[in-house]
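**Student:** In case you want the letters, here they are:
There are 2 protein chains.
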Amino acid sequence: MSYGADSVIHPESSPGNLRADWGTAPPGACAELAPARTSRGKRDEELILPINSSLSVTLHQDQLKTTTTAAISRDFTEDRIWLNGREEDMGHPRLQACLREIRRLARKRRSDGHEDPLPLSLSYKVHVASENNFPTAAGLASSAAGYACLAYTLARVYGVDSDLSEVARRGSGSACRSLYGGFVEWQMGERPDGKDSVACQVAPESHWPELRVLILVVSAERKPMGSTAGMQTSVETSALLKFRAEALVPPRMAEMTRCIRERNFQAFGQLTMKDSNQFHATCLDTFPPISYLSDTSRRIIQLVHRFNAHHGQTKVAYTFDAGPNAVVFTLDDTVAEFVAAVRHSFPPESNGDKFLKGLPVEPVLLSDELKAVLGMDPVPGSIRYIIATQVGPGPQVLDDPGAHLLGPDGLPKPAA
Amino acid sequence: MSYGADSVIHPESSPGNLRADWGTAPPGACAELAPARTSRGKRDEELILPINSSLSVTLHQDQLKTTTTAAISRDFTEDRIWLNGREEDMGHPRLQACLREIRRLARKRRSDGHEDPLPLSLSYKVHVASENNFPTAAGLASSAAGYACLAYTLARVYGVDSDLSEVARRGSGSACRSLYGGFVEWQMGERPDGKDSVACQVAPESHWPELRVLILVVSAERKPMGSTAGMQTSVETSALLKFRAEALVPPRMAEMTRCIRERNFQAFGQLTMKDSNQFHATCLDTFPPISYLSDTSRRIIQLVHRFNAHHGQTKVAYTFDAGPNAVVFTLDDTVAEFVAAVRHSFPPESNGDKFLKGLPVEPVLLSDELKAVLGMDPVPGSIRYIIATQVGPGPQVLDDPGAHLLGPDGLPKPAA
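So the sequences go chain by chain: L and H.
Numbering-wise (UniProt numbering), the first sequence opens with residue 1 and increments by one.
Numbering-wise (UniProt numbering), the second sequence opens with residue 1 and increments by one.
Just chain L, with the same shape it has in the complex (with noise of 0.2 Å):
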């Protein structure tokens, strides 16, 4: 699959005015450093504004993807998505949002004097498709990745080269980060109206290039406590969230950001940790509670902490997001040897060869000190499959037309 830098117009294939752009997007929040949580630390539910600031990594497009196709014409009679194949309600409320404001910014770009190359009507009717190369809704931000690609490939069909943070974001908050490369903050910002609510770069994605990056994706469990119920009331009810993102996350950011510039994975490492952990702690602390870790989750915390004490300093190290799959950061010398001891631990139950996805990882035997030191009951199958990847850029238009999800009736083409 290639990428471009340019969109593309497909006006032979249309059924009347049809403009067409393909996007794919990283899935950037799955990776996060300083979790912001918009959906449960809202300052604003409207305009998705955060209650702190937040920092995520982007991972590589090349293992988690997600591809989104969208096409306007006069022909079209509504706004219509597809996700995954299936036709889903272009009426959602986030969907609605993302949609007027990239048609709000193609308006002001017309009328700020810009000659629109492709002078195509606002009011015409989009249709979009998109998909992702990972599971959905599996705690592996799939939204946030969904709604990076989509705010991308309306902009392309909009004609809008502005910044995209607001759209992205009031799709998915955590979006607005998926839509640079690298590693990537997003500052809550002051204004009551979210303007400085943006994301920018803080690093790109060849600034430390022996950074890895493993999903751990643990086999679906009895889904042990319901989070939408409590997701809206984390800022009312805990009272340590509160006192998390006035006093603490403030000087984790900075600390984060120059451990990140030093390339300091030590410090790195632990300060993710200390803050994956922090951010559960305020799910448990919101009335009720939410807890997205599992016992599995919790096997996998203490394997990090004993690998690292085997080893006399930080050599993995954990993030866990809105759901029970680890994300380890490691070095590209450590990977092949943590992810023997998690074979150790957790060995597959059935599909040893799909085990390890992604990146190649070389096998290799542990030493008898490891595995005394790790020393836990193996369980088997409890964590389905690794995801092997590293630090990856931003969106990519795909040239290749064979890649496009709708056909030239701006129809989802049919699986292949």
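Just so you know, these hints were derived from the structure itself, not from any lab.
These figures come from a predicted structure and were not determined experimentally.
Heads up, none of these hints are tricks.
Since the list can't tell identical chains apart, any single copy or any two copies may satisfy a pair.
Here are the computed lysine to any residue pairs in the SDA-like style, where the Cα-Cα straight-line distance is at most 25 Å:
#1 242 - 53
#2 242 - 288
#3 108 - 163
#4 371 - 287
#5 315 - 288
#6 315 - 237
Starting from the structure of chain L, add chain H where the hints point.
**Tutor:** Relative to chain L, chain H alone:
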């Protein structure tokens, strides 16, 4: 078993000048309301001083009890202790601290001019035997009950009648609360020497006769996260714990005392749950993190919230100590329905007839509405059994010689 109010001497049955005493103490700390968690939150490790005040309910000895027998004799050659029939090391620093403290109080009493009714040498060695009728080290505060009972029994043997808070506290912080029945506050105190860190009764056991306590003993699961390593570090590593202790606990203690005085179950229950959640949040914020709640604990939390939602009010409340077992508070008119709900969601696997222990509970049928609200897949066997109990009195002296754990030779009686 009958309880008396005086100590018993058996010179005739002793191998020398044997003085034996028997106490039974309740595991008060297992139903905490605003946990102080000295073991994890000590401001002074040697003196066992907490970083915040706390409150507990003393459970009834008819269901949960420690029994202790102590004896001194000039013929004993060393201090010895048997716990649940097995000899343990009396050199344990905490046991030594209790012994040292009780002997100090006895010397002080003598030097203050009190006539000792039993002028035995303070240099005599002591034998102690202690038994729990509930699982040790299962998060049911066996050490709190044990040290309270030990302090109380030693005080009888040595003729000490002053406040025993310090003796008990030196063994296990929360043990000082178990010296009283009913609702007991452990005032953190301010003095560096800990002399004002004492327990006092907020309301006697007769204050709230409708209150019931259900202990949901969770089946042995793989312990997901070691606690020992982290226990010493909470105060140093958790900024949330510090904030909680300083800013949040003091007003909560006042509110909790008011709820109890007014027998306001709704407010009492909500605060109990919030405080339990917040304590466990600070455990998670410790580095490395501590997690006492298991997936089963979280399912119990969910069950309670759904049960309350169904009734439109807080009829049941949970609290968790340093383990996965739940302590559930409710009123007598709700016990039967809630036990049925637990049985519905966690059907007993094999010991159906032994699933419910303690106070009798009428079997009732759940309404279809409630079943629908609970809506969880049953998880057979994950709750081992329920102990139904209520608020109880403080330590008692046992008059029945048949209940003594040491024989006339000062050694543990053979098991009956």
